[in-house]
Amino acid sequence: MTAPEVTSERSTASGRAAVKTMAQAIAATLDREMSRDPNVVIIGEDVGKRGGVFLATDKLFDKYGPDRVIDSPLSEAAIIGAALGMAVYGLRPVAEIQFSDYVFPGFDQLVSQVAKIRYRSGGVFSAPLVVRMPAGGGVRGGHHHSQNPDAHFVHTAGLKVVYPSTPSDSAGLLRSAIRDDDPVIVMEPKRLYRSVKEEVPEDDHLVEIGRAAVRREGEDVVLVSYGGSMAETLKAADALAEQGVGAQVIDLRSLQPWDEELVLQAAARVGRVVLVSESPRSAGFMSEVSATISEEVMDSLLAPPLRVTGFDTPYPYAQDREYLPSPNRILRAVERALTY
Amino acid sequence: MTAPEVTSERSTASGRAAVKTMAQAIAATLDREMSRDPNVVIIGEDVGKRGGVFLATDKLFDKYGPDRVIDSPLSEAAIIGAALGMAVYGLRPVAEIQFSDYVFPGFDQLVSQVAKIRYRSGGVFSAPLVVRMPAGGGVRGGHHHSQNPDAHFVHTAGLKVVYPSTPSDSAGLLRSAIRDDDPVIVMEPKRLYRSVKEEVPEDDHLVEIGRAAVRREGEDVVLVSYGGSMAETLKAADALAEQGVGAQVIDLRSLQPWDEELVLQAAARVGRVVLVSESPRSAGFMSEVSATISEEVMDSLLAPPLRVTGFDTPYPYAQDREYLPSPNRILRAVERALTY
Amino acid sequence: MIRESQGFQPFTDEPIRLVGDGGEWLGPAEVDLDRENLGPERLKGFYLDMLTGRLIDERLGRLQRQGKTSFVAPSSGHEAAQVGMAHALRKGHDWVFPYYRDVSLLLALGMPVVEFAGQSFGTRADTARGRQMPYHPGSAELNVFTVASPIASHIPPAVGTALAMKLAGKSQVTLCSFGDGATSEGDWHAGVNLAGAQGAPIVFACQNNGYAISVDLKKQTGSDNIAVKAHAYGMPGYLVDGMDVLASYLVAREAVERAREGVGPSIVEFVVYRYGGHSSADDDGRYRPRQEVELWRRRDPLDRYRRFLERRGLWDDAAEEQARAEIDATLADGIQRALEAGPVPVEWMFEDVYADMPSRLAKQREELIG
Amino acid sequence: MIRESQGFQPFTDEPIRLVGDGGEWLGPAEVDLDRENLGPERLKGFYLDMLTGRLIDERLGRLQRQGKTSFVAPSSGHEAAQVGMAHALRKGHDWVFPYYRDVSLLLALGMPVVEFAGQSFGTRADTARGRQMPYHPGSAELNVFTVASPIASHIPPAVGTALAMKLAGKSQVTLCSFGDGATSEGDWHAGVNLAGAQGAPIVFACQNNGYAISVDLKKQTGSDNIAVKAHAYGMPGYLVDGMDVLASYLVAREAVERAREGVGPSIVEFVVYRYGGHSSADDDGRYRPRQEVELWRRRDPLDRYRRFLERRGLWDDAAEEQARAEIDATLADGIQRALEAGPVPVEWMFEDVYADMPSRLAKQREELIG
Ligand SMILES: Cc1ncc(C[n+]2csc(CCOP(=O)(O)OP(=O)(O)O)c2C)c(N)n1
Ligand SMILES: Cc1ncc(C[n+]2csc(CCOP(=O)(O)OP(=O)(O)O)c2C)c(N)n1
Ligand SMILES: [Mg+2]
Ligand SMILES: [Mg+2]
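Order-wise, the sequence lines are chains A, B, C and D.
Take 1 as the starting number for the first sequence in the numbering used here and just add one per residue.
Take 1001 as the starting number for the second sequence in the numbering used here and just add one per residue.
Take 2001 as the starting number for the third sequence in the numbering used here and just add one per residue.
Take 3001 as the starting number for the fourth sequence in the numbering used here and just add one per residue.
These are computed hints drawn from the structure, not numbers from a lab.
Model, not experiment: these values are computed from the prediction.
It is possible that some hints are incorrect.
Said to hold, decoys possible - Once the Cα atoms are required to be at most 27 Å apart in a straight line, the calculated BS3-like pairs of lysine-lysine come out as: (1) B/Lys1063 / C/Lys2170; (2) A/Lys63 / D/Lys3170; (3) D/Lys3166 / D/Lys3068; (4) C/Lys2218 / C/Lys2166; (5) C/Lys2218 / A/Lys59; (6) C/Lys2218 / D/Lys3170; (7) C/Lys2166 / D/Lys3218; (8) B/Lys1235 / B/Lys1059; (9) D/Lys3170 / D/Lys3091; (10) D/Lys3170 / B/Lys1235.
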């Protein structure tokens, strides 16, 4: 494997680029993929005239019509199941679940049908589909508009899972997901939909599924995170830098498969790792990363991998912000790792 | 905490006891709880005249009638949701999901309603209900009759999860679950339903939720497991004993909450831990145990906690046995732990 | 039509309507409202309850626009259906499973304004301790199951309470309220079908406002209306003008009493319209023409029913003025108290996950708070 | 009744029936079977397909009792419905979403015995590489979606293919098959409702055998039959005698062509009975009286239809004997080859999880195999 490159906030892709929010980058990517490939179709609640409640499908209904931008009835099982049927038939559906909290009525379709069709058919059928879903807290939505079901997906063999944190990665990973021959869950950190803008390449910008990005270099501690919590993780890294502590910051971007190679190398090299995720802790995705690090490179560790995560409670309303890993909580964990 | 007692295969409870299979122990416990408490009701598919497809509700329909032993329509959402409504009203429903693989059509009811009603109502409402489900492989059932969704439940705040491995524990944990004021998922290792018999106390035998049992003592390595894999884990321990290697064997019995105290003490004392579960590895329950051990007692470890688990594939049919952690796979992990 | 021996007709093509746009009585001439338990006080009560719903909707909408609450779910246009349902129930005896748009239903059932507002603000006035976003209340005293956001996820639990009632034998009934979009969810079907198979004492009350956010009924389902879906479950389905409070009340009452007497469950569809956006986060201009909204506003349930009362000499401008003043005062007071109750403490986040806090959570609380 | 201008009547109280118990024609006298595309060869073909289904059912049952296969799902009693459906379709052009009890449907569609049996035995003859328990086949050539165990989970995907067909414009149709119990699942409703809202070219074919394992229809739903549920989705629901192969074929054909012409989806309910237990793991004596089974056996679809053929001079004992011998030979050969194909290798367990094996899985394979 090549040395990890620092991916700057500005896109490094050649060709035209425009400054976009994450929501805009997603809508533009969908538009380009739909115009490139007539098999790409969209299905979901309010994805039509409404353009999606976060406007991630803005204007696509007008451009591609009701047969390619399908306003479904209010049923996530119908959305995901129909997407599977379309994919098996040969289309490349992109399903939208309005909030990741509402994936559960369609969870059986994901787990029993989508994830297993390739396996159970011996490869005769497959499910090249994408399920997009706004996820995560920090929007005062209470527990049914704030959850992060990523661990459920990661635990389900047959699914791929990505969770970008920047407009540019949102575009690049979504494009890769659409072109992937397996089902990909694209989780989108809704609290960052409109809060950050950056240059997003307008060409066929792809981000490889399974490849993490290094956001900061540093040799004292490694911070691993993804999605919405990247913002807090970077803040923590900045604070550490001011104290003269070098934190390498890894944005996983993909959770299944995840970039074990990069993370294990970093863990082995630096010896101190803090894992940051806003998902609940128990049997969460960061438990997996922690267990893998121990199994593979425990000898090189100077401190145990420490998790800074959402709590094992339903997502609260009044404590919308306190639930999330804050820079302070991350710094406390770094402190523990450094002084272990 | 007191010193871990070795729980023998024969029950230590006083009073009358009878030799029973696990399925019989469950049916007898349901019977006794229903006759003790008129609020205990059963709902599920084929739980009536059929007595459940594994006969876990055998004869209860004749004894308690159709209002207390409810043959539901074929809908897990209806079963779990109705159980919640009954619990909120004041009953103590015991729902049966015919196979744990079929919990997913009812997963939204579990995750969005059952697990959160106490929290979201500020404690005004609660869900004292039990969801029983035969789980696990080894019965040539292919992936839709063999899965172990335990990690999904453990990851869901608000649920308790138990997973007994013996007839006596099945009775004692089920009874505790029925009397618990929170929702408890009772997973039952279906391949052991009829294969083992032991004395099961007929009195009010309770096994505390959250408390593990030590099945073997040993000071060279700690084997932690639960449910169906206990059989293979004990076989591995026996093989080790023959080689003069002392393996302490811990049967977790409860996964949420799990007996951190006992496991951490053992890990710290012995320094080498092998974690055995037939559930898929990625973000599985044993990832949680591994991560917690590292976080809490890494200093005392002589080797990383090693996982021996089901693979990250859908559960296969032809390789029904090979998928499961075998004594050999466990022994290879022990070997690695001992020589680390 | 009204309370003949067989009661109302299910599966009518047109909604059952008893009061016309001009407030005129459309029902059978011989009906004696007094005998229908509809004396003057009750008739005026309907209006007061609708007015309360309208005014709190407007007031909370203003507070939201001022940034004083994070979210509202407009309900103007739905008042008649909700007030009709509320009056059809035995308050605190029957169970109610509302959805987020049911403010008129809940206040008419007797939920104190301070409780409703407290829940919305997530202050200490919230009996649910600040756990959910606005418009998600519940009440142990009123047997009101706490609202949950996932659409239709309350249907199977509602049926569960009705099954429990059969065992308890206290002549209770469950009323379960939802929108047209909810009927597409699998859980809706699972619950209604279980009720039909078991003959559970429950009424499924659909407020069909023609939209689920932006998705209109044609895209929602192939059936002409919601009531007709009752065929699938072997139960009657009543189609009612949900902007006619008398029709709403009388049909709901019949369905409720039918359930109470053990005859079985039913579906009641109330045809309504929401004047506002789906929520304060919506932009309904994207999917509905303004003329459509204006057209429906002309059938306004309050205006129409006020004319009905005026024709009977039960209402006039003075009564209106006084009623508004009194309601405004009540609302202002309840909202004020809800705001003043102050924020809930951070550590409450870790409570009520289980009956007893597990050590794991206690440690996590420590991690945050120290 | 048969193919009048409007075609068959939906929502009849009694199942549509064309052949009586004695093999007599019950349909309209003027019907010209030839014009209905029902020449002698086709008529005999129905019988041969039903006989094949019956004989493989019996043969695999024997193998199961001998311990040579782990599981069977008896289908005797269902043959007419399944064969009727199969003939209503354009094989390999239309899509089929079967369930586990559809052996007659699949063989009549053209699935080779060696494939069906290979799947059951999980040998190398299984095109799905030994991944599922018996009675869960699929076929790319025949557009047969691989059976999945979770009841009704194939309904939304079936609708998905039908939606895709609207885009592709190749005049295809999807037929989706399931039992009576399946109609209670939320996913069934979600899928059927989507098809209704979108006018998808699909036929929902229910084999109502009166039981879902032990749960009879009364406990399954409050409606009198399944066909009536079509009201909920704005589509026609046809109630058919599913032990009458001509009625099954003609109604299925009408529903399929209706979908193909773009008129819309429909539900067809085939009233059948399974003579055997739910599966080889069942003990149906616990929930059904023996007399009930005997009563239904008297309406046997093969016997009845054989009498019909005999009356027309199209069948006799000699033909029967020859047909049985030929089918037996075909079945024996296919099953033999399926068994002899031999076990699948252990390492196949790790393949087909994804298009390319991730390194994580490659490591796990190493862990097991070295
Ligand atoms: C399971 C689920 N999916 C999606 C949503 C997002 N959502 C909230 S309200 C709504 C529309 C509901 O429409 P309807 O049932 O007609 O009620 P109305 O709002 O019109 O009163 C949707 C899609 C949700 N809350 N739950
Ligand atoms: C989701 C789900 N729940 C439960 C089961 C267990 N199960 C297998 S078949 C069956 C009954 C199906 O009955 P029906 O749909 O009427 O078909 P039939 O077997 O009678 O042909 C049940 C409950 C399952 N396979 N899937
Ligand atoms: Mg609506
Ligand atoms: Mg059946």
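Hint check results:
no.: 1; hint: B/Lys1063 / C/Lys2170; in the structure: holds, 24 Å
no.: 2; hint: A/Lys63 / D/Lys3170; in the structure: holds, 24 Å
no.: 3; hint: D/Lys3166 / D/Lys3068; in the structure: violated, 44 Å
no.: 4; hint: C/Lys2218 / C/Lys2166; in the structure: violated, 37 Å
no.: 5; hint: C/Lys2218 / A/Lys59; in the structure: holds, 21 Å
no.: 6; hint: C/Lys2218 / D/Lys3170; in the structure: holds, 26 Å
no.: 7; hint: C/Lys2166 / D/Lys3218; in the structure: holds, 18 Å
no.: 8; hint: B/Lys1235 / B/Lys1059; in the structure: violated, 35 Å
no.: 9; hint: D/Lys3170 / D/Lys3091; in the structure: holds, 14 Å
no.: 10; hint: D/Lys3170 / B/Lys1235; in the structure: violated, 59 Å
Violated hints for the displayed structure, listed by number in ascending order: 3, 4, 8 and 10.
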